[in-house]
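Those protein sequence lines, which keep their order, are chains C and V. Everything in the first sequence is counted per our numbering, starting at 2 for the first residue and increasing by one. Everything in the second sequence is counted per our numbering, starting at 852 for the first residue and increasing by one.
Any given hint could turn out to be false.
Said to hold, decoys possible - To give an idea of the interface, some chain V residues facing chain C are shown, with a C-beta separation under 10 Å as derived from the structure: (1) 1229; (2) 1230; (3) 1236; (4) 1251.
Because the hints were derived from the structure by calculation, they are not lab data. Everything numeric in this text was worked out from a predicted model, so none of it was measured. From the three backbone atoms N, C-alpha and C, an ideal C-beta is built for every residue, glycine too.
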Amino acid sequence: MKRRAHTAGFVVGALLTAAFVAMALLAHFWTPYDPQALAIVDKLEPPTWHHWFGTDQLGRDVLSMIMAGAQNSVGVALLSVVIGVGVGVPAGLIAAARGGLADDVIMRGNDVIFAFPSLLLAILITAVFGPGAVNAIIAIGIFNIPVFARVTRGGALDLWSRDYVLAARLAGKGPLRISFEHLLPNLSGLLLVQGTIQFSLGVIAEAGLSYVGLGAQPPSPSWGRMLNEAQTLTALAPTLALFPGLAVVLFVLGLNLLGDGLRQRWAR
Amino acid sequence: MSTPLLSVESVGVTIDGVPVVRSLSFAVARGESLGLVGASGSGKSLTALAILQLLPAAARLSGTIRLGGVALTGMSAAQLCAIRGRDIGMVFQEPMSALNPSMRIGDQVAETVRLHGGASAAAARDMARAALDAVGLTGAQGALDRYPHELSGGQRQRVAIAAAIVLGPALLIADEPTTALDVSTQAQVLALLRDLARSRGMGLILVSHDLAVIAAVTDRVAVMQAGTIVEEVVTTDTLRNLEHPYSKALRAAAVLAPKRHAQYSVAAADAADRDGFRSREAPVLDVRGIVRDYTVKRRSLWRRAGVLRAVDHASLVVHRGETVGLVGESGSGKSSLLRAILGLERPVAGEVLLLGESLLAGGRAQRRLRRSIQAVFQDPYGSFDPRWPVERLLCEPFHLLDVQPSAAERRRRVAQVLERVGMSAADATRHAQEMSGGQRQRIAVARALNTEPAVVVFDEAVSALDVLVRAQILELLAGLSAQLQLAYLFVTHDLAVVRAIADRVYVMQQGRIVEHGATQRVFTAPEHDYTKMLLAATPRLALEHGVSRDA
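Just need the whole structure built from these sequences, with the hints factored in.
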């Protein structure tokens, strides 16, 4: 593969994504303040040297909450992509390799999941199994499955018709071996691009779920709930909604730019 | 002498500073057709683009190009737009992509008229109708409201030609117009181009890598090498008047006759064909009564799914050390038969015996047997996993061995087989993408040889190659077959290739083998009408016999 110069979008996207991921990692070990520590005396402070992003209605440090929220966002989105890849990619490979009934069953099953509006499905699952980060991951992960299954099946069907796959079949290799040796490596670019896109959708979905109270439960911080809580206080502390909102927008923007850049690199 | 229609005067083209066309001069008179021939990279397509002033942005042009005495070089973009399509028509290689799939053919042809103004929609339609009639798309076949996907490849190319000639251009440029077409379609399109040029007094420039195609159509031939014309002669049937060494090499490639191994006489071939035995030895590959059906998509929920019989009781045999051709046009079922022979898809009926055992048995026995039949595919670009280095590619068939060879043994065998196909052991670490089409096809041959098979099947394996490279590969294959007592089954639509390399030939039409026998006998005295038609359609030069291979 020829390496081309990266586009500006790719660089900006990669930097933004790296910054948020680094922030999430850092939050695991250190935040300026304990994001859960209440200090009512300091409530609703505007940004200062002590609290760069100010404090919320309970006196918690907003920067620390954003950082811990990033950890939550990245975790939920990443794990739900892992679920989508872990189930969807094998399903897509099997559908493409076997064809016939297996293909029909797998793809029609996907259609059923796909037919539900994603957020509605997530709300349904969290409503049935109870709110919480784990159920949010499962809900978003299930929504990711058909996306990866379709992308994988489409790409794999194309590769199955290639002469090098024919040559592998002539070398006596079975569908499983061919899928691992020839198909997966050649689909990795496609899957990486789709993974980035699903990651960004996961971030949005997580924010949406926790906004309506179905994501991570208090006191563990999340961007969506921060937005929800800030909503009632917009008149008093306008910056309170600004920072978590910006965090969601910038992270999603970065992921999308990164995904676009990756797609251009893999478009051969 | 009057001014020629087109004159190209000491034209040079550089791309990013690298000269690709150098001091090129030629002229085309009205009603005359000129063939530009050369291997890929000789600058012939760039020359065609230079005449149209459609060179890529990085290219710089020097010299003068005049059409009817007026210099095209130095014209404004608007002036050029007025000339392209009206005064110069262009036909490209790929009829699939030259047409807009969502536009009716009548509108596509009429578009040229409308773009150049001065005609009402109705008049443009009439002109489109006339142009389609002129290219032989009359009646329902050429109905103006058909879409490109409803047409065959040859019909699409006719539409493209109609669009190019609808305004009666003085000059028509055709760049490899028949390379993507079947032989019989190729013959029709070539005849059409020649007749149009003659009847309309149009100048024609035909660009091709194949001298046989050029010889069939043009009045003069200009041979291009490394960006310049090395020789220009009047076209004769046999083109024996070519003198430049490069032209001679191209001609030798077009009439191709690789040195054959120990003489296998026509009589012996015919006897082997008749009896199914050669020197009392059973055939290495015995294909008996293969039937393959495809289900056709249901038209409605209430109707039964239709069945299309792609292969209808086809049988053939291949003997040790023998080269057998299987020819037929696209849709004749030869690819379906091939897939059944390779055991990739199960036939409805019939069996494939390899070295006397059934290849369709499945399981362990099939794996063992598979070592003895390998294949080389058409597309040198799609035959290799782009992520694998050559060594890993070549070792893939080792999967068929019971005991995997050690790393040292692998390296040794890879080096050996690479040298056998004329590459070097150092190529093992390279990737296929870094290689040319010819080199890739050598790698594909090496991969097929690695398990020491008895039969190698070639699926259009030289069709995508340039004539010169094609000749080299065929030469290599002929040598390997003699050296290793290999049997080949050559599946192709190209009769010239079969004529050059096959001892015996099977002709396939609509799923059936309609004729078979010794190649020389079938080609000189065909019995079936279909064979006769195929032979009549193949350019004469390509079937020329007994050419001395003087260097």
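Taking the hints in turn, this is what the structure says about them:
no.	hint	in the structure
1	1229	7 Å, holds
2	1230	6 Å, holds
3	1236	5 Å, holds
4	1251	5 Å, holds
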